[in-house]
Amino acid sequence: MILHPTKTVAGRQATFNANNSGVSLNLTHISIGDSGGAIDDTRTSLRSEREKVSVYGRRVTTDQIHLDSVFDGASAFWVREVGIWAGNTLVYYWSTAGAELGYKSQNFEWLLGLDLALDEAVDGVIQVTAQAPNVGMTVAPILATVLQSLCDTNRLVLKNHYL
Numbered sequence: 001m002i003l004h005p006t007k008t009v010a011g012r013q014a015t016f017n018a019n020n021s022g023v024s025l026n027l028t029h030i031s032i033g034d035s036g037g038a039i040d041d042t043r044t045s046l047r048s049e050r051e052k053v054s055v056y057g058r059r060v061t062t063d064q065i066h067l068d069s070v071f072d073g074a075s076a077f078w079v080r081e082v083g084i085w086a087g088n089t090l091v092y093y094w095s096t097a098g099a100e101l102g103y104k105s106q107n108f109e110w111l112l113g114l115d116l117a118l119d120e121a122v123d124g125v126i127q128v129t130a131q132a133p134n135v136g137m138t139v140a141p142i143l144a145t146v147l148q149s150l151c152d153t154n155r156l157v158l159k160n161h162y163l
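Every letter in the sequence shown is one number past the one before it in the numbering used here, and letter 73, counting from 1, is 73.
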């Protein structure tokens, strides 16, 4: 599914203020929730926020930023809304009625990566300053278990086939 988040009224004001003051507007967090519905640009929070984590990313082009986040909370739920934050300001909001972005499983990491198109001239002040975490280290134990199972299966196949 492709996300097309809507810039909120507060997000437009924060971008305008940053542009006029000559400072950057730093995107800091992404939150996900389980209550979908119509997109409303006057929102200042998610309808039912379940997790909020730091956002990582980089500018891809002058009019595009790539964002990544890792949700690793203990709860399980269908993701039906997403918020992109600059501090306490909800800058972008996405939601859907009747469909889900994905399922956040209990005690497993759920990765969200998206490219954010910057359409307005003032969006040049939007930045993401945090670098991505070493996700490979967090999934290494799971991959090791999967690889061990594959090796054990291959050993059994070879043993039974050639003996």
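Bear in mind the hints are in silico, worked out from the structure with no lab data behind them.
All C-beta atoms in this analysis are idealised placements derived from N, C-alpha and C, irrespective of residue type, glycine included.
Please note that the accuracy of each hint is not assured.
Taking CB as the label site, the calculated pair distances span [stated by the list, open to error]:
id, residue 1, residue 2, range
1, 21, 64, 36 to 42 Å
2, 62, 107, 37 to 43 Å
3, 160, 38, 55 to 61 Å
4, 106, 61, 22 to 28 Å
5, 13, 107, 36 to 42 Å
6, 62, 108, 34 to 40 Å
7, 97, 13, 40 to 46 Å
8, 160, 26, 56 to 62 Å
Quick rundown of the hints versus the structure:
1. 21 with 64: 36 to 42 Å: Given range 36 to 42 Å: violated, Cβ gap about 24 Å.
2. 62 with 107: 37 to 43 Å: 40 Å, holds
3. 160 with 38: 55 to 61 Å: The hint (55 to 61 Å, Cβ to Cβ) holds, given that residue 160 and residue 38 are roughly 58 Å apart.
4. 106 with 61: 22 to 28 Å: The hinted range 22 to 28 Å is violated for residue 106 and residue 61, with Cβ atoms some 37 Å apart.
5. 13 with 107: 36 to 42 Å: Roughly 38 Å apart at Cβ, these two residues keep to the hinted range, so it holds.
6. 62 with 108: 34 to 40 Å: 36 Å, holds
7. 97 with 13: 40 to 46 Å: 27 Å, violated
8. 160 with 26: 56 to 62 Å: 58 Å, holds
In the structure shown, a violation is registered for the earlier hints numbered 1, 4 and 7, in ascending order.
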